[in-house]
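S.K.: So you can see what is in the structure, the chains are spelled out below.
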Amino acid sequence: MRFVDEYRDAGTARALGARIAALCEPGRTYKFMEVCGGHTHTIYKHGLEDHLPAGVELVHGPGCPVCVIPMGRIDDAIHIAERPDVIMTSFGDMMRVPGGRGSFLDAMARGADIRMVYSPLDALKIARENPDRRVVFMAIGFETTAPSTAMTLLRARAEGLANFSVFCNHVTIIPAVKAILDSPDLRLSGFIGPGHVSAVIGCRPYAFIARDYGRPLVVAGFEPLDVLHAVLANLEQLAAGRAEVENRYARVVPWDGNPRALAVIDEVMEPRAHFEWRGLGFIPYSALRLRDRWAAYDAEQIFGVPGVRVADPKACQCGEVLKGVLKPWECKVFGTACTPETPIGTCMVSSEGACAAYYNFGRFSRDRVREATAR
Amino acid sequence: MSAGTGERAPDRPLSREEQVLERVERARRRRARVRDELVTLAHGAGGRATRSLVEAVFLEEFRNPLLEPLADGAVDGDGLAFTTDAFVVTPLFFPGGDIGDLAVNGTVNDLAMCGARPLHLSAAFVLEEGFPVADLRRVAASMARAARAAGVEIVTGDTKVVQRGKADGCYITTAGVGRIDRPGRLSAAAAEPGDAVIVSGPIGEHGVTIMLARGGLDVEADLVSDTAPLTGPATRLLDACDGVRCLRDATRGGVATVLNEIAESAGVAVVLDEEAVPVRPAVRGACELLGIDPLYVACEGRMVAVVAGWQAGAALDALRAGPLGEDAAIVGRIGADPPGTVLLRTAFGGTRIVDVLVGDPLPRIC
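Protein chains in written order, with my numbering: chain A, 1 to 375; chain B, 1001 to 1366.
In case anyone wonders, no lab produced these hints; they're calculated from the structure. Among the clues, some could well be false.
Straight-line Cα separation of at most 16 Å, EDC-like style, residue types lysine to aspartate or glutamate; simulated pairs [said to hold, decoys possible]:
#1 A:K332 - B:E1022
#2 A:K31 - A:E236
#3 A:K332 - A:E300
#4 A:K327 - A:D185
#5 A:K332 - A:E320
#6 A:K327 - B:E1018
#7 A:K125 - A:E159
#8 A:K45 - B:E1288
#9 A:K31 - A:D9
#10 A:K45 - B:D1293
#11 A:K327 - B:E1017
#12 B:K1166 - B:E1128
#13 B:K1160 - B:E1129
#14 A:K332 - B:E1018
#15 A:K178 - A:D212
#16 A:K31 - A:E159
#17 A:K178 - A:E276
#18 A:K45 - A:D5
#19 B:K1160 - B:D1181
#20 B:K1166 - B:E1129
#21 A:K31 - A:D5
#22 A:K45 - B:E1017
#23 A:K327 - A:E159
#24 A:K332 - B:E1017
#25 A:K327 - A:E49
#26 A:K45 - A:D9
#27 A:K45 - B:E1275
Isolated chain A, as found in the complex (with noise of 0.2 Å):
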């Protein structure tokens, strides 16, 4: 297939992982955190880590939009869903993330209208669809789904859609980063940059990453080679001496970003001064909420929800994971009271999350693992 197959050539892959193996220092650890969720997923899909020498470490981070939603925040969309004149729609991903009262599929099951969607304009078509319904669209994610969402609801005004509204949950790349970054047990030697946020807030607002903090981060793709480079553009950085900010994706990443989708959150939605990660708290200015023009279409004020914080299950260690100060099994819980079929935390939930990826994908020791499968 063109545009893909050329990303993952094996051949290639071998001899940046033999450049990969030549720059590192014999003895030394590198912990290179890939932020992206996408990231985590297209690592473990593709077997990425058998390329990599032992010292060189891939630590999941916190960009998993399914994996940070708190569980207070389900609880509230459950509660707008069910409604019995609420048509509630969501990314698949949603469906099964465990809120303190079960989840949208458990939601389902009590009676709930809950239906999945690819983009928030089939949401809008089924507000088109049903108008003696109002059909709410769960936001979910980064700065990569946030303009999707507010075009959609610049459409829904000129159209003059009234039944639609937004259950805004959009939350911002950089906020935790920096968390991340200020957490007293890290020991990252390096990042690799977000491609698809990147795509539109560009590669400035990583500078303080380089600067403050003296880590190298280089935006990458999502094919598996992509990451592979990102890995030696790294280390090239950390043998020189050098830490910058370096875009590997200029296929798509253009480095000041994407104006016209910044210019579409920022009329439609503005920073929230407190937002509740999954595992990390709460961390000032790190999401988006509706703007108060904007508030018709608001469902969080439309329908009053209960905002009660749920604290995590005591067990989860998701926050530990998601700062890469854990791995996945090395949580308490996981793969024996935590699994993909009754997670007690998201990272267990989505496919990009780091638990799931692990369990599913990597759960037998990379040794064991080539062992059985050589020819």
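Keeping the supplied structure of chain A fixed, place chain B upon it in accordance with the hints.
M.R.: Same frame as chain A, but now just chain B:
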């Protein structure tokens, strides 16, 4: 990550990661439990949630030696095979087929996977008030066509009508009996290290066709469902090779789910080669767009065969010699370790596990 647990020196203590992973494997082997209070859609997707529900509710109450293997059909000591299947597809009509031929082929294939020649079918209909009779005629005609193609007749049935809104148009349940003429029984538990794993054709076409036919994706592809009776290719294979261990049609949950069932029943590892798995470009493209793995997408006319390694070539020739087998391919082999696991050598040169999904494969958001 750490060193392997496969070939460790007996005196070396397990690393912490290895200890955790062993504990996880033990947890996976525990008896299925259903904690949910209500049935959710995940229970119907054919993955781990379905399995738990079936084991914890039905097997618990019905337990008997014929049911226990939870195979495609039950086979008694006299070589009589019996199977049933319910069909609830949306939309009812889709490119390449409709609920009618699906319902006939599904049951015919379950019999074929037992190694049986289908003898008789039954069909039961649950119809929603207001369902067009013209549509029902169309469904019945395609059932008759599919039955003729499979050399079997629908000899008994039942019809019920429920109030508008209590069903979605038309549900069909078929059952079938068949006769096994050969000695020996096919069983997923019979797979052995050294065996070859074969698929009878390109995978995922039915599932992707249905997803696209539901609309709302704004993706168009030149694809039709693969729904077809597998009696022909199954017979060719069984006639040519006496080393066939098991046949499974890769329906709900796709090839990945079937292979996991084989790995678990036989206590073996299945090692797949991503590059060897036949996937048509349109299916691959749609799956890339949706972020789902074709290995989990349903087929309705494709089977997985496990065959003694030394007969792999003969098995492939037999499948390729006739219709519905032209694109058959050897996609992997059976290994010993880790037991109960499906592993994949990726085209990228890496390795990973191919696990059973909990519910439907969910499209990723970004």
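S.K.: Now tell me if each hint is right for this structure.
M.R.: Here is what the structure says about each hint:
Note on K332 of chain A and E1022 of chain B: the hinted pairing holds, with a Cα-Cα distance of about 14 Å set against a maximum of 16 Å. Distance check on the hinted pair: K31 of chain A and E236 of chain A sit about 14 Å apart at the alpha-carbon level, within 16 Å; holds. Restraint check for K332 of chain A and E300 of chain A: the C-alpha separation of about 35 Å exceeds 16 Å, so the hint is violated. A distance of roughly 13 Å separates the Cα atoms of K327 of chain A and D185 of chain A; the hinted pair therefore holds under the 16 Å criterion.
About 11 Å separates the Cα atoms of K332 of chain A and E320 of chain A, which keeps this hinted pair within 16 Å; it holds. Taking the CA atoms of K327 of chain A and E1018 of chain B, the gap is about 13 Å. The hint holds against a cut of 16 Å. Between K125 of chain A and E159 of chain A, the direct Cα distance comes to roughly 11 Å. Compliance with the 16 Å bound is thereby established for this hinted pair. For the given pair, K45 of chain A sits about 12 Å from E1288 of chain B by alpha-carbon distance, which is consistent with the 16 Å threshold.
For a cut-off of 16 Å, the pair hint linking K31 of chain A to D9 of chain A is broken: about 25 Å separates their Cα positions. Distance check on the hinted pair: K45 of chain A and D1293 of chain B sit about 9 Å apart at the alpha-carbon level, within 16 Å; holds. In summary, the hint linking K327 of chain A to E1017 of chain B is supported, as the alpha carbons are separated by about 10 Å, within the 16 Å threshold. With a C-alpha separation of about 7 Å, the suggested pairing of K1166 of chain B with E1128 of chain B holds against the 16 Å cut-off.
Restraint check for K1160 of chain B and E1129 of chain B: the C-alpha separation of about 10 Å stays at or below 16 Å, so the hint holds. Distance hint between K332 of chain A and E1018 of chain B is fulfilled; the C-alpha atoms sit about 14 Å from each other, no more than 16 Å. At most 16 Å may separate the alpha-carbon atoms for a hinted pair to count; K178 of chain A and D212 of chain A meet this at roughly 11 Å. Of the pairs offered as hints, the one joining K31 of chain A and E159 of chain A is violated, with about 50 Å between alpha carbons and a cut-off of 16 Å exceeded.
Of the pairs offered as hints, the one joining K178 of chain A and E276 of chain A holds, with about 15 Å between alpha carbons and a cut-off of 16 Å not exceeded. A distance of roughly 14 Å separates the Cα atoms of K45 of chain A and D5 of chain A; the hinted pair therefore holds under the 16 Å criterion. This hinted pair does not check out: K1160 of chain B and D1181 of chain B have alpha carbons roughly 36 Å apart, beyond 16 Å. About 9 Å separates the Cα atoms of K1166 of chain B and E1129 of chain B, which keeps this hinted pair within 16 Å; it holds.
Only pairs whose Cα atoms come within 16 Å are accepted, and K31 of chain A paired with D5 of chain A is rejected, the gap being roughly 28 Å. For the hint pairing K45 of chain A with E1017 of chain B, the CA-to-CA distance comes to about 21 Å; that exceeds 16 Å, so the pair is violated. In summary, the hint linking K327 of chain A to E159 of chain A is not supported, as the alpha carbons are separated by about 48 Å, beyond the 16 Å threshold. Distance hint between K332 of chain A and E1017 of chain B is fulfilled; the C-alpha atoms sit about 12 Å from each other, no more than 16 Å.
Our distance criterion of 16 Å between C-alpha atoms is met by K327 of chain A and E49 of chain A, whose separation comes to about 15 Å. Distance hint between K45 of chain A and D9 of chain A is fulfilled; the C-alpha atoms sit about 14 Å from each other, no more than 16 Å. A C-alpha spacing of about 14 Å is found between K45 of chain A and E1275 of chain B, which places the hinted pair at or below 16 Å, so the restraint holds.
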